[in-house]
Amino acid sequence: MFTLLKLELEKLFRARSFYLSFIVLIGFVVLMLWGFYTYAARKTGGEAVEQFKYTYESKQYFNGLTFALYSLLFSFTLLLPIFVSMSAGSQIASEARSGTLRMICTRPISRASLILSKFMVTALHAGLLLTFFIGLNLIVGLIFVGWGNLELYPGPLNLVDAPGKIMRDDALMRFGYAALSGTWALLVIAALALLCSVIFDSPVQATVMTIAAYLTLYIVGRVEFFEHLRPYFFTTDMEFWRDVFKPEIPWQNLWHYACVCGAYTAGLLLATVLIFERKDIVT
Amino acid sequence: MWVKLILLILFCLMIAGAVHFAKPRESEERSSSSNSSGSVRLLTWNIGYAELEDDTRAHDKDLPAVAELIRRESPDAVALQELTGKAQLNTLLKLLNGEYRGAVAQQGRGDRFEAVLVKDTGATFTPVPVGERYALAASFRSHSEIVLISAHADAFNASRRRAYTEALMDWVETRAQSATVFIAGDFNFELKAANETNLYTDNLKHDSESYSHILRSFRDLGRTAGDTAINDRRIDYIFGPTQSGNVGRVAVLRDAAVGRMDHWPLLVEARF
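Protein chains in written order, with our numbering: chain A, 13 to 295; chain B, 1100 to 1371.
Extracted from the complex, chain A is given alone in its bound form (with noise of 0.2 Å):
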């Protein structure tokens, strides 16, 4: 198993794709500074106190707290899931395409065993982008907006439905606890991922229908026709890492979402590992 998961961790590090992933991550931040500067210029400056007299967006509002956050908070949804998704649609999908599959399913290793090892190095590249993206995130606020303590509005990033602020220490910490909550989370993307790659032959194919049904389920959960549909689909219940932002953490609740994450993670593998056992490998 050990050995296995070296060889999977090599072929990561190995791959552009992993690299490419943290590319776009930085330009994405890039992209976000520009927004947030330029959209923080302007409530802050004279035309903002023109039409309204009261607003909360005051300097003290907008620091690198605030920016970490909405930087995180939009990304996480569209942006992670197609890395992690890439990652783990590749896994099986590339080697088969590759011709590779048909000789590591000789060697006397079970196939259970590749899988597991497969998204365990999927799990830890979900892990690192993660990590990375929020760290960078911090010291770029840190650098170009400055710290302060991060204050939350009902409404905008829905986090909250009272005002609330949450000290800068504790927001720290609180980033660090949004780490741990949105790996898992997206474990659960990871997982399907790696079901589709079993699936389907194509490594491409794997990823998009991946992204597709992940995609699916997102719009259709905001479309409210479908209100009564949305608890059943496992992008809801993704939804939980946010709770870690929230002044008092509704600890049952986040431990409730992680526990039904969990479960996806865990059923999706299983019947990844019965089909990949009964896959007759003829590439």
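Keep in mind that the hints were calculated from the coordinates and are not lab data. Ideal Cβ positions, reconstructed from N, Cα and C, are used throughout, including at glycine. There is no bait here: all hints are sound.
To spell it out: a stretch of chain B is covered by chain A in this simulated footprint if at least three of its residues, at any positions, have a beta carbon under 8 Å from a beta carbon of chain A; those stretches are: (1) 1102 to 1111; (2) 1253 to 1266; (3) 1300 to 1312.
Within a straight-line C-alpha distance of at most 27 Å, the following computed DSSO-like cross-link-like pairs (lysine-lysine) qualify: (4) A/Lys65 to A/Lys55; (5) A/Lys177 to B/Lys1304; (6) B/Lys1304 to A/Lys65; (7) B/Lys1103 to A/Lys291.
Stretch by stretch, here's where chain B covers chain A in the computed footprint (C-beta under 8 Å, at least three residues): (8) 124 to 131; (9) 164 to 176.
On the provided structure of chain A, position chain B as indicated by the hints.
Only chain B this time, still in chain A's reference frame:
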């Protein structure tokens, strides 16, 4: 084999964990004891109809049901929205057998009126100009002087709601120095945290600013009661002083709507 076994055990453990941590159903009505000096029972209700109707204002045929609910719940004061005018108020007062006094707001830009009914016979009513519209304030005594404002912010434009809220709060801040002020009504703020979305829209921002502006000096007393209108919307509010003590009964009376009403009454027992 052991991998499958571990995954199966993990799957079962996660299911068990999810069941164990599942949130118990929250009761919509909460009561608590309080050692505060006074309490007041307030009700707000937009008695108009849903958008699909020809006339979305209150309908005369529904007034007996409105009066029946008021009699049953016996609030100290009632804030109503979307009345067609003084005639409907008079009908309602008659149906309440003179137990309440009331007034409607002045006509503003729209074709509908806010109203306040108060049990106290010494109550006085003051129009509150808020931009092109009028809210209505009733001043009455219950242990100390209380002011209840019936307000109705624009349903279609978040920017106008924000301007309305600011104007209302300017008026309220002057009155709050000499009396205990409650603001009740249909504000149309779309701020439900459960509607998770990462889209940062101007409308959401305006509603967020409006709501936060009110919460700088007031407390959202009906926050725990749930949706107040169809389509799972919580758009009717009763705001009270931040220093108010424990809130007694808080409830959305979902069996009260008749005809094609799209709102339910919100009842709050505030202690201060």
